[in-house]
Each structure stands twice: as structure tokens, then as C-alpha cells.
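Trainee: Each chain, written out:
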Amino acid sequence: MRFEYFQLIDRIVDLDLGNRTIRTQATVPAASTIFEGHFPGFPLMPGVLLLESMAQTSGWLIIGITGFTRMPFLAAFNQAKLRSFVKPGDTLEITAALAHEGSGFARTTAEIRNDGRLACNAEITFRVVEFPNPEFRQHMEEAAAALAFPKESLANG
Amino acid sequence: MSSTFDAVANIIAETCDIPRDTIKPESHAINDLGIDSLDFLDVAFAIDKAFGIKMPLEQWTQEVNEGKATTEQYFVLKNLCAHIDALVAAKGA
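Protein chains in written order, with the numbering used here: chain A, 1 to 157; chain B, 1001 to 1093.
Note that these hints are calculated values from the structure, not bench results. Using N, Cα and C, we set each Cβ at its ideal position, and we do this for glycine too. Honestly, I wouldn't trust all of these hints.
As the list claims (entries may be wrong) - Computed Cβ-Cβ distance ranges for the label pairs, DEER-style:
1) A:G41 with B:S1037: 40 to 46 Å
2) A:P132 with B:T1071: 21 to 27 Å
3) B:T1061 with A:A145: 31 to 37 Å
As the list claims (entries may be wrong) - Here are some, though not all, of the chain B residues that point toward chain A, as calculated from beta-carbon distances under 7 Å:
4) K1024
5) D1039
6) I1053
7) E1058
Unchecked claim - With the C-beta cut set under 7 Å, the calculated list includes, among others, these residues of chain A facing chain B:
8) F42
9) A97
10) G104
11) N114
12) R117
13) N121
Using the sequences plus the hints, can you model the full thing?
Mentor: Encoded structure:
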């Protein structure tokens, strides 16, 4: 994770377009100014950032399903539950599955496991629209490469 | 039509926390019931799932924006239900 770039996942481990699922990995930084305030003497990964990491994971799934033609923007969380504490240095496995691909929107179910234990889960809704401009899409292509997005799976999916 | 309306009205009532008895076939989802675009995504999700369809919301929105259709044609509930029935029929054809 790179908090300063709002990059909440480190690597796309698996993208299965047939089953419409994705698995990513993220390691919480061992140190960050965020932990100075959240909380002094008891550093915890903020729950809103856990939700964001599930949203980013889901977002890459939707980008894969739409073949890099559309951009998902976070719209809503349903049934979000923060089930256990996540601490600096923890390595997380984040998974998401497409629950529905609507016209102009999509919904996923996502969860985070921390050392095998369910830490967080939610249903997430996105508005799915054309990329706002070519520069935006180019940025996402570069971000995908940095996360090891398996672009070869698009051709096979 | 009536069973479609009942299903849609129940979805709207549950999803948007609107009293069921205020939802009529003549109700406009936006103008009368006050459903905003975000809440309508939840409604659309539930309708798509319930009827096994994919309502073409983007196409409808584009038609309204281009002046080729009115919001009443798609968002007055009796009209919405007619579109849903047509989509269900097309799926089974």
C-alpha cells in the first residue's frame, strides 16, 4: 500500500474473467503518519481505507470485465462490516466477485482476509462510465501494469 | 402488468423506504417518489435481479438527454413496468 498515492493494493494475484472474480494482495505499511493519529499508542488501519481497498480490488475486476473500456466510480457500500482489527505490517488478501453488471452500474461483493481470518466485507456499487479522457485511461493502464494486472487474461476472457 | 407493478412497487418501498401505499402506477419515480439517481441504482439492481433482465438505463438516459424521449416514458411506474414486461418477453423469445 502507498497511502500517499491512495494506492490501497499492491498486486493483482488472480483475475478470473470466467468466474468474474479477482484476488489482490496488500501489505499495510509498518509506519505511517496516519498511525500517529489513528490511534496514538494503538495503531490501526482505518476502516475507511479497508473499504477503499475492497473498492479498488472490485474496480480492477470491473475494468477487466469491461476490457479497459469503462471506468468504475465508487457509488455506495451496502452491509459493510469491519470485523477485526488490522494493524501495521499485516498482509491482506482481498477478493471480490461480480454480483451484477447493470446498464451503467455494477455491484460486487468483496472481503478482506487477514492471516485467513475475515476482517472486513461489503457489497459495493459502482457507476460505470466511459473513461473521462484519454489521459485518465493512460494513467489507469500504467497503474494496472504496476499492479501486475494480467492483461493477457482480457484476450482469453 | 399488475404483478409486475406489485413487484416493482415492493422493491421501491423496501429499497427507498417509501410507504408502499403511496406508490401508484401513475407515480413518477423521480418527480413524485423523490428517488434520486443513486437510490435508483439500488432499485435497478433489484429489478434486474428479480426479473432476470438488464434494464438499458444508459440508453434511456441518452434518449431523454437528446430529447427523443421524456422521463415519463421510462420513469412513470406503469410505463416502467411495461418496459420490464417487454424485456422479459424479449428474453424468453
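Trainee: Hint by hint, note whether the structure agrees.
Mentor: The hints, checked one at a time:
no. : hint                            : in the structure
1   : A:G41 with B:S1037: 40 to 46 Å  : 44 Å, holds
2   : A:P132 with B:T1071: 21 to 27 Å : 25 Å, holds
3   : B:T1061 with A:A145: 31 to 37 Å : 33 Å, holds
4   : K1024                           : 25 Å, violated
5   : D1039                           : 9 Å, violated
6   : I1053                           : 10 Å, violated
7   : E1058                           : 4 Å, holds
8   : F42                             : 35 Å, violated
9   : A97                             : 15 Å, violated
10  : G104                            : 4 Å, holds
11  : N114                            : 29 Å, violated
12  : R117                            : 30 Å, violated
13  : N121                            : 18 Å, violated
Checked against the numbered hints listed earlier, the structure breaks hints 4, 5, 6, 8, 9, 11, 12, 13; every other hint is satisfied.
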